[in-house]
Amino acid sequence: MKKVLLATAVFGGTVLALEITGAGSTFVYPIMSKWAYEYNKETGHKVNYQSIGSGGGIRQAINRTVDFGATDGPLTPEEVEKNKLLQFPVVIGADVITYNVPEIGKTVLNLDQKAVCDIYMGKITKWNDPYLQQLNPNVKLPDRPIVVVHRSDGSGTTWIFTNWLSKVCPEWKEKVGYGTSVKWPTGVGAKGNEGVTNYVKRSQGGIGYVEYIYAKQNNLPVARIKNREGNFVEPSVRTIQEAAKHAKWDKSKHFYEVLTDQPGKDAYPIAGSTFILIPKDQPERAKKANVFFKWVFEKGDKYAQELQYIPMPENVKKLVLEYWKEHGVAP
Amino acid sequence: MSRKTLRKLFSNFMLFVSFLTAAYGIFWLFWILGSLFINGFKYLSPELVYLDPTPAGQEGGGLRPAFVGHLIITSLATIIGVPMGIMAGIYFAEYGRNSKFFMTLRQITDIMVSTPSILMGAVVYAVLVKPVGHFNGFSGAVALALLMLPVIAITTDEMLKLVPKEMREAAYALGAYKWQVIKNVVMRAAKVGIMTGVILGVARIAGETAPLLFTSFNNNVLTFDLKDPMASLTVTMFNYVMGPYHYWHQQAWAAAFILTMGVLLLSIIARVLLHRNLLEPIFYIVRSITGKKGG
Amino acid sequence: MENVAEVQKSIREIKTRGEFLERFLKLSLGFWALFAGLLFPILAGAILLYEARLAIEKFGFIHFLTYTNWDPVQEDFGAATMIFGTVVSTILSMLLAAPVAIGIAIFITELAPNWFKPIVSTAVELLAAIPSIIYGLWGFFILTPIMATKVEPWLQDKLGDVPLIGKLFQGAPTGVDVLTTSLVLSIMIIPFMAAVVRDAFNMVPPIMKESAYGLGATKWEVIRQVVIPYTASGIAGGLILSAGRALGETMAVTFLAGNNPQIPKSLLEPFTTITVALANQFTEADTDVYLSALYYAGLLLYLVSLTMLGIAKFMVLRLEKRWKV
Numbered sequence: 001m002k003k004v005l006l007a008t009a010v011f012g013g014t015v016l017a018l019e020i021t022g023a024g025s026t027f028v029y030p031i032m033s034k035w036a037y038e039y040n041k042e043t044g045h046k047v048n049y050q051s052i053g054s055g056g057g058i059r060q061a062i063n064r065t066v067d068f069g070a071t072d073g074p075l076t077p078e079e080v081e082k083n084k085l086l087q088f089p090v091v092i093g094a095d096v097i098t099y100n101v102p103e104i105g106k107t108v109l110n111l112d113q114k115a116v117c118d119i120y121m122g123k124i125t126k127w128n129d130p131y132l133q134q135l136n137p138n139v140k141l142p143d144r145p146i147v148v149v150h151r152s153d154g155s156g157t158t159w160i161f162t163n164w165l166s167k168v169c170p171e172w173k174e175k176v177g178y179g180t181s182v183k184w185p186t187g188v189g190a191k192g193n194e195g196v197t198n199y200v201k202r203s204q205g206g207i208g209y210v211e212y213i214y215a216k217q218n219n220l221p222v223a224r225i226k227n228r229e230g231n232f233v234e235p236s237v238r239t240i241q242e243a244a245k246h247a248k249w250d251k252s253k254h255f256y257e258v259l260t261d262q263p264g265k266d267a268y269p270i271a272g273s274t275f276i277l278i279p280k281d282q283p284e285r286a287k288k289a290n291v292f293f294k295w296v297f298e299k300g301d302k303y304a305q306e307l308q309y310i311p312m313p314e315n316v317k318k319l320v321l322e323y324w325k326e327h328g329v330a331p
Numbered sequence: 332m333s334r335k336t337l338r339k340l341f342s343n344f345m346l347f348v349s350f351l352t353a354a355y356g357i358f359w360l361f362w363i364l365g366s367l368f369i370n371g372f373k374y375l376s377p378e379l380v381y382l383d384p385t386p387a388g389q390e391g392g393g394l395r396p397a398f399v400g401h402l403i404i405t406s407l408a409t410i411i412g413v414p415m416g417i418m419a420g421i422y423f424a425e426y427g428r429n430s431k432f433f434m435t436l437r438q439i440t441d442i443m444v445s446t447p448s449i450l451m452g453a454v455v456y457a458v459l460v461k462p463v464g465h466f467n468g469f470s471g472a473v474a475l476a477l478l479m480l481p482v483i484a485i486t487t488d489e490m491l492k493l494v495p496k497e498m499r500e501a502a503y504a505l506g507a508y509k510w511q512v513i514k515n516v517v518m519r520a521a522k523v524g525i526m527t528g529v530i531l532g533v534a535r536i537a538g539e540t541a542p543l544l545f546t547s548f549n550n551n552v553l554t555f556d557l558k559d560p561m562a563s564l565t566v567t568m569f570n571y572v573m574g575p576y577h578y579w580h581q582q583a584w585a586a587a588f589i590l591t592m593g594v595l596l597l598s599i600i601a602r603v604l605l606h607r608n609l610l611e612p613i614f615y616i617v618r619s620i621t622g623k624k625g626g
Numbered sequence: 627m628e629n630v631a632e633v634q635k636s637i638r639e640i641k642t643r644g645e646f647l648e649r650f651l652k653l654s655l656g657f658w659a660l661f662a663g664l665l666f667p668i669l670a671g672a673i674l675l676y677e678a679r680l681a682i683e684k685f686g687f688i689h690f691l692t693y694t695n696w697d698p699v700q701e702d703f704g705a706a707t708m709i710f711g712t713v714v715s716t717i718l719s720m721l722l723a724a725p726v727a728i729g730i731a732i733f734i735t736e737l738a739p740n741w742f743k744p745i746v747s748t749a750v751e752l753l754a755a756i757p758s759i760i761y762g763l764w765g766f767f768i769l770t771p772i773m774a775t776k777v778e779p780w781l782q783d784k785l786g787d788v789p790l791i792g793k794l795f796q797g798a799p800t801g802v803d804v805l806t807t808s809l810v811l812s813i814m815i816i817p818f819m820a821a822v823v824r825d826a827f828n829m830v831p832p833i834m835k836e837s838a839y840g841l842g843a844t845k846w847e848v849i850r851q852v853v854i855p856y857t858a859s860g861i862a863g864g865l866i867l868s869a870g871r872a873l874g875e876t877m878a879v880t881f882l883a884g885n886n887p888q889i890p891k892s893l894l895e896p897f898t899t900i901t902v903a904l905a906n907q908f909t910e911a912d913t914d915v916y917l918s919a920l921y922y923a924g925l926l927l928y929l930v931s932l933t934m935l936g937i938a939k940f941m942v943l944r945l946e947k948r949w950k951v
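Protein sequence lines correspond, in order, to chains A, B and C. Just so you know, we're using my numbering here: the first sequence kicks off at 1 and counts up by one. Just so you know, we're using my numbering here: the second sequence kicks off at 332 and counts up by one. Just so you know, we're using my numbering here: the third sequence kicks off at 627 and counts up by one.
Next up, chain A with everything else stripped away, as it sits in the complex (with noise of 0.2 Å):
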């Protein structure tokens, strides 16, 4: 008997080995590519997710090109309905303001609703203009101009900043708006937060925004930014936490739900979701996918808290394990 379950062990593993394939946000590539990793090894089924961007994740999502897609900016239900696909949230993350200014080092600055939203459509254009340097009296700014780094690509990052963006500075709503891809005053296209991260890191006055961990993995140093009742917050665990505190996560309406601007004096302002696609009309692929999605929600969350995301709420995985049941696509 023993024989016969070691053999299982050795060879089902590869026999039976699953191959799922997902594309999409590279805000939760880090995270995802860990998850993947170690759902390999501890169940030899191979996860194959492409970082492209959530505009990709939509894109590949749609067209039945992939297993599942992944995308921070959420499908509204009625665009989820049209696309014959299944929404749920699989992990909550931040974007962070990081940049790399060679004469401050890996000082933390104040940033304010005002100065971003300006710096981004290319109004403030140095690093000592008089409105960064009185958020900041302590730290001596230099005489630099800034460089400003965006997406190139259809992002879920860009998403959440520009959404946070619109809440927070009504000449942004009417010039620019928010989307995973929308046309930027100003600045230099990087792809992916991969490339964001480099673009800033290579830069000598760069700023952008990315997901939490590419700034701490890559020693940038992360501004605080003003939240909704005025105070700086530095994004970490707990003030993400926060932000999601209030969340609505209602099945019904294929858990669409914004985090940016959250009420909640330690809330960062910045922070969102990345949210999985599956296809409704293809429960065999859907079901594929949600083998590895029940194993992130049992065993994923140690490996999301050491790379600085935030696990889904005990509750809210049990709603969407509901929901998966109610659209025949439990694993």
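I should point out that these hints are in silico values taken from the structure, not numbers from a laboratory. The beta carbon of each residue, even a glycine, is placed where N, CA and C say it ideally should be. A couple of the hints might just be wrong.
Derived contacts from chain A toward chain B, CB cut-off under 10 Å, selection only [as the list claims (entries may be wrong)]:
hint: 1; residue: GLU38
hint: 2; residue: GLN50
hint: 3; residue: TYR214
hint: 4; residue: TYR303
List of simulated lysine-lysine pairs, PhoX-like, C-alpha gap at most 20 Å [as the list claims (entries may be wrong)]:
hint: 5; chain 1: C; residue 1: LYS891; chain 2: A; residue 2: LYS183
hint: 6; chain 1: B; residue 1: LYS335; chain 2: C; residue 2: LYS835
hint: 7; chain 1: C; residue 1: LYS652; chain 2: B; residue 2: LYS431
hint: 8; chain 1: B; residue 1: LYS461; chain 2: A; residue 2: LYS84
hint: 9; chain 1: A; residue 1: LYS123; chain 2: A; residue 2: LYS183
hint: 10; chain 1: B; residue 1: LYS339; chain 2: C; residue 2: LYS835
hint: 11; chain 1: B; residue 1: LYS509; chain 2: C; residue 2: LYS641
hint: 12; chain 1: B; residue 1: LYS509; chain 2: C; residue 2: LYS652
hint: 13; chain 1: C; residue 1: LYS845; chain 2: B; residue 2: LYS335
hint: 14; chain 1: A; residue 1: LYS265; chain 2: A; residue 2: LYS248
hint: 15; chain 1: A; residue 1: LYS201; chain 2: C; residue 2: LYS776
hint: 16; chain 1: A; residue 1: LYS126; chain 2: C; residue 2: LYS891
hint: 17; chain 1: A; residue 1: LYS288; chain 2: B; residue 2: LYS558
hint: 18; chain 1: A; residue 1: LYS46; chain 2: B; residue 2: LYS558
hint: 19; chain 1: B; residue 1: LYS514; chain 2: C; residue 2: LYS652
hint: 20; chain 1: B; residue 1: LYS492; chain 2: C; residue 2: LYS652
hint: 21; chain 1: B; residue 1: LYS492; chain 2: C; residue 2: LYS947
hint: 22; chain 1: B; residue 1: LYS431; chain 2: C; residue 2: LYS947
hint: 23; chain 1: C; residue 1: LYS845; chain 2: B; residue 2: LYS339
hint: 24; chain 1: B; residue 1: LYS431; chain 2: C; residue 2: LYS939
hint: 25; chain 1: C; residue 1: LYS641; chain 2: B; residue 2: LYS514
hint: 26; chain 1: C; residue 1: LYS891; chain 2: A; residue 2: LYS123
Not everything, but these chain B residues come out facing chain C in the computed CB check (under 8 Å) [what the hints assert, rightly or not]:
hint: 27; residue: PRO447
hint: 28; residue: TRP510
hint: 29; residue: VAL594
Place chains B and C on chain A using the hints.
Positioned in the frame of chain A, the structure of chains B and C alone reads:
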């Protein structure tokens, strides 16, 4: 100073300027190859080839899926593209020389050599990816094969044209059919040249990235299945260079070094073959047939 | 008597078999020639056209060419910015490459001693053999920082205040911009141009040059007043050929252009080209119109590319016809 000396001086000056331009070109070559050598060699390690990639941000790992995928796609593309190209080239050289129509086609083929490679990817996407529903390694191979086709056709045509017509006439005089002439005489003589063309074609497609971006796409996991998306060295390099992680950059340099050395080696082999061996046997044979002395 | 009949029969069999193979061979070879030279180019264009039809219907021709707004969110696409980027980077790279390529051709044909010629030729050909992504990688890692920290600030310093030209050097020197891209593109096309010009130079009948020398002309005068005028169409052909190649460059430009969907107002600003847009946005064009607009831009690129390469070929052929006895 007399006018003559002035003119001479000016002439020498301009020739010196032309020397500078040559030096300018060689300067870039040496800088690029030098950087590749220094940075790539530094990060070379055997793990690159037999380890799979690690999760984003975790140091270590290798490029096994990319190496294997690249080999598979390039080999398949060669298997598909070379026969098509050689057949087209044979026709241009042996049958089409008197036909204005086919000579125009040959010129068009030559033009196709330089078309933007990314467009081939777009074309193959519409035909082999969209209808199938997912990216697949096979479509990548087809895209590369289509890029290879004109290159092989033109080089085959050129090489066959080099075979002196005396050889063909001698064979016809013996009563051979055209296909026998082509198979047993002309192709044999141009064998080396045609192989050169194939090597150059392989070198060309081995370095391509754009056509693979949306055909074979990419894969973090090793696969031999052409129905699946497949990793390639070039696309992986593209992703890694654009990423922020230092170890990604190192691996990209190492991969770039290996790829470039491979491509340059192929190009040099082709050049050597072309200039030494090709001409010798042909001249020898011509000499012995026609009984001429000397060269 | 029977032996003769048998032999005659087998000869006939061999003959018919031979003829059959003849025809079969001609047809199969001919098909591939037809494919390579006619069917394939047309098919490729047709597929591009078919995929672009949605965008063509929606945006028309003039509008698509002149409208600068490329808006995936509103599904409103005008390709003017990427067309501008393609054109500008191509022209600039040609300007940077042409004198060098001609200089190299002069050097190879006139100046270099015979033992040195193949070395220079090989070096230039190796430049051509280096894959485009390597140029991109090298450019991005090695050249861009130097441009950003040393070259561009210096240029800005020296030329930034000069009345007209100064405008070209405004903007934050990031290193990923029109200037760097055109520079690297020019290096990439030098080998092609140099090869065509060198071949053109080699076609000048020695007697023309010798007559000029006989009249006492210096080497440079021969080049300038005999060789270049007579190979003018070949040089022009080489120029247009390289432009055709530069148009279609993807990987090097993707790394170095900065991907800004706006028309650059200075050499130091980031920009985008058709090939870059395709490379970056193809896999994530999330609506049919979006993908179709990309195909439309690709179709335009295809047509322009073929036309330019065709013109170049024509000019080079004209030169060949003139001088081939």
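Is the interface hint for GLN50 (chain A) satisfied, with its Cβ closer than 10 Å to some Cβ of chain B?
-> 5 Å, holds
Does LYS339 (chain B) pair with LYS835 (chain C) here, judged by a C-alpha cut-off of 20 Å?
-> 16 Å, holds
Given the hinted pair LYS891 (chain C) and LYS183 (chain A), is their alpha-carbon gap at most 20 Å?
-> 17 Å, holds
Close enough to count: is the Cβ of TRP510 (chain B) nearer than 8 Å to one in chain C?
-> 5 Å, holds
Within 20 Å, alpha carbon to alpha carbon, are LYS845 (chain C) and LYS335 (chain B)?
-> Judged against 20 Å, a Cα distance of about 13 Å means the pair holds.
Quickly compare the C-alpha distance for LYS509 (chain B) and LYS641 (chain C) to 20 Å and report which way the hint goes.
-> 12 Å, holds
20 Å Cα cutoff - pair LYS492 (chain B), LYS947 (chain C) | 18 Å, holds
Answer holds if the nearest beta-carbon of chain C is closer than 8 Å to that of PRO447 (chain B); otherwise answer violated.
-> This hint holds: PRO447 (chain B) lies near chain C, its Cβ roughly 3 Å from the closest one there, short of 8 Å.
Given the hinted pair LYS641 (chain C) and LYS514 (chain B), is their alpha-carbon gap at most 20 Å?
-> OK: LYS641 (chain C) and LYS514 (chain B) at ~17 Å, within 20 Å.
Holds or violated: are the alpha carbons of LYS288 (chain A) and LYS558 (chain B) at most 20 Å from each other?
-> 18 Å, holds
LYS891 (chain C) paired with LYS123 (chain A) [C-alpha distance capped at 20 Å] = Given pair LYS891 (chain C), LYS123 (chain A) holds - Cα atoms ~17 Å apart, limit 20 Å.
Interface hint status, TYR214 (chain A) versus chain B (Cβ within 10 Å) = Check passed: Cβ of TYR214 (chain A) comes within 6 Å of chain B, closer than 10 Å.
Going down the numbered hints, you'll see the structure goes against none, and every one checks out.
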